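K.L.:
Put together the whole structure using the sequences plus the hints.
2 protein chains.
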Amino acid sequence: MDLKDIGEFGFIKRFANKFDSFIKEEELGIGDDCAVMPINETDNFVVTTDLLNEDIHFIKDKISPEELGHKSLAVNLSDIAAMGAEPKFSFLSIGIPSHVSVEYLDAFMTGFYALSEKYKVPLMGGDTTKSADKLTINVAVIGQCKKTEMHLRSMAKEGDLICVTGFLGDSAAGLNVILNDLELSPENKYLVQKHHVPEPRINEGMWLAKQKSVHAMMDISDGISSDLMHILDASAKSAHVHTEKLPISNSLRNAAIKNNWDPVELASAGGEDYELLFTVDAKNFDSLQKEYKTHFSEEIFIIGEIKQGQAEISWFNNGKNIIINKNGFNHFAKS
Amino acid sequence: MDLKDIGEFGFIKRFANKFDSFIKEEELGIGDDCAVMPINETDNFVVTTDLLNEDIHFIKDKISPEELGHKSLAVNLSDIAAMGAEPKFSFLSIGIPSHVSVEYLDAFMTGFYALSEKYKVPLMGGDTTKSADKLTINVAVIGQCKKTEMHLRSMAKEGDLICVTGFLGDSAAGLNVILNDLELSPENKYLVQKHHVPEPRINEGMWLAKQKSVHAMMDISDGISSDLMHILDASAKSAHVHTEKLPISNSLRNAAIKNNWDPVELASAGGEDYELLFTVDAKNFDSLQKEYKTHFSEEIFIIGEIKQGQAEISWFNNGKNIIINKNGFNHFAKS
Chain Z
1 MDLKDIGEFG FIKRFANKFD SFIKEEELGI GDDCAVMPIN ETDNFVVTTD
51 LLNEDIHFIK DKISPEELGH KSLAVNLSDI AAMGAEPKFS FLSIGIPSHV
101 SVEYLDAFMT GFYALSEKYK VPLMGGDTTK SADKLTINVA VIGQCKKTEM
151 HLRSMAKEGD LICVTGFLGD SAAGLNVILN DLELSPENKY LVQKHHVPEP
201 RINEGMWLAK QKSVHAMMDI SDGISSDLMH ILDASAKSAH VHTEKLPISN
251 SLRNAAIKNN WDPVELASAG GEDYELLFTV DAKNFDSLQK EYKTHFSEEI
301 FIIGEIKQGQ AEISWFNNGK NIIINKNGFN HFAKS
Chain X
1 MDLKDIGEFG FIKRFANKFD SFIKEEELGI GDDCAVMPIN ETDNFVVTTD
51 LLNEDIHFIK DKISPEELGH KSLAVNLSDI AAMGAEPKFS FLSIGIPSHV
101 SVEYLDAFMT GFYALSEKYK VPLMGGDTTK SADKLTINVA VIGQCKKTEM
151 HLRSMAKEGD LICVTGFLGD SAAGLNVILN DLELSPENKY LVQKHHVPEP
201 RINEGMWLAK QKSVHAMMDI SDGISSDLMH ILDASAKSAH VHTEKLPISN
251 SLRNAAIKNN WDPVELASAG GEDYELLFTV DAKNFDSLQK EYKTHFSEEI
301 FIIGEIKQGQ AEISWFNNGK NIIINKNGFN HFAKS
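Chain order of the listed sequences is Z and X. Note that this note's numbering has the first sequence beginning at 1, numbered continuously upward. Note that this note's numbering has the second sequence beginning at 1, numbered continuously upward.
What the hints contain is simulated information worked out from the structure, not anything from laboratory work. None of the values given here were measured: they were computed from a predicted structure. Be a bit skeptical, because a hint or two may be false.
The list cannot tell twin chains apart, which means a pair is met if one copy fits it or any two copies do.
Capping the alpha-carbon separation at 27 Å, the derived lysine-lysine pairs in DSSO-like fashion look like this [what the hints assert, rightly or not]:
1) K60 / K307
2) K118 / K147
3) K120 / K18
4) K146 / K24
5) K18 / K320
6) K210 / K24
P.N.:
Here you go:
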């Protein structure tokens, strides 16, 4: 059988529940942004890990080593942010082909270090080894959070507003710019930057986790059409999403017109935005928005509502039910 | 600059101390078998991670997927054993090229699961993704141990006996059998098995960690000529090692004669034995050996002594000072 017939999640389902009997009370295994393990009376450690493979997740000649170092850590910090946790420790495994120079690796570590320093996350260990031909990077990050501040994918409630912390689709558009070798206008440069140097929403995640009105939370790595489905599956709820409410940057709107891209498709199924996707008790939204703006000088965007019913997304455009590509990003999708 | 000019440890030295200022009291970063982080008043978590790359760490056609699944976890459990810790949680990142089938992956997970089950270590998360052409596997394991039972590489004392838990060189000989396509006689089969299905010394590590007479401890992954140097560097001590005391299996002795291999070179610099290397207060050795035999029906082997002086190994054969290849295993060694 070919992996693309069952996909990444189909493969994981084949073995994930085998380990259930070794998982103790208060521990959480496969299925959320991070695994969860209690460490004392009040706190949990949360753990995430991400593998970045050359020519799959990045094209070595298109991203600078500093940017790659940043991104390798950033995508993991985003999972920590999704748990509302404080990042505490990182681990880096790197498989290095013979054509990669020490200068390249030094520059990679410069980017990795700069983001580590921002959140005071020490690199505690890892593995440095040879690889046959492609650069291979695996990062794991451990975070810490209060047991009383856990926001799992399963916590969405009927009537909740579905919210995101920022623009969607920029990163996917940036990937389009890279893959099509488009001219690096200031607009396109911004989009590529969003793809190569994502900023994990650590402080926002930690703040949102403390708010009682916030229920389910996760980060957007595959696009909301795929990621929101994880919340709906875990919470056994359905959702309405309003495409006209998706926050889309002016840069993406302009680039979409110039290049004949569908900005809604990029914003809903594009992936790698690393914004937070969360649900909020509707009656508390206004006060949440007000306090969020005070703290972060930015706003929260409402994109839909959680409904009763089996896990699926109904898409609307100005009140009219529409159908959009719901697949999100799947590494093993049939082509 | 080429990585092979400075090697794995030379590269790590270029950035490791940059992170020191973020590392808090009681935490331990790069430099031992595991990183160490306190989780409550009495206990530490310890964390290790290992990357296995196709055609560098394994040849896909030479090792069965079940064996590869076992080994991917085993090499990490061995680092946990070296800290005297109990393994608690594992994480698996796997980069899968398109030619690898679901059946292959199922078999890989069967091997991974069997070893997980033995020590009741749940797979808590990871990352499943595509890779361009080679199979890439990264495993991370978290263990737990008492703060009062830590055995770091830095804890060797003058006069300590240097000990190992089992035969050395079998794994390296097994690799020779594989690389030279030697006939799979029962003897050679045993050696290949030791290379492909190493058994981490988890129970032995946890038991040794509780003994006050045990000081420094680590696992043997690169060969004692390299690994013992880590203890000597960290403890600022020198060592005498007696080659006639190195525990060498009859299978290796016989295969060495047939194939004109040097068994002492394989046992001292071969690597991937995954036995424990530790130092013991000399006056307590006899009672330690007696109790160890009672518990494990095996014996501890003394191979040398810790001496005062700068970090170096003096090698002896029946009392006569000799010179042997001291490089151990270095992925980036100049050829």
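K.L.:
Would you mind marking each hint as holding or not holding in the structure?
P.N.:
Taking the hints in turn, this is what the structure says about them:
1. With identical chains, the CA atoms of K60 and K307 are never at most 27 Å apart, being 43 Å at best within one copy and 49 Å at best between copies.
2. Within a single copy, K118 and K147 get their C-alpha atoms as close as 25 Å, which meets the 27 Å cut-off; across copies the closest is 30 Å, which misses it.
3. For the identical chains of this complex, K120 and K18 are inter-copy neighbours only, at 11 Å across copies versus 37 Å inside a copy, given an alpha-carbon limit of 27 Å.
4. Taking the shortest Cα distances, K146 and K24 sit within 27 Å of each other both inside one copy (18 Å) and across copies (20 Å).
5. Taking CA atoms no more than 27 Å apart as the test, K18 paired with K320 passes in neither setting, with 44 Å inside one copy and 55 Å between copies.
6. With identical chains, the CA atoms of K210 and K24 are at most 27 Å apart both within one copy (25 Å) and between copies (25 Å).
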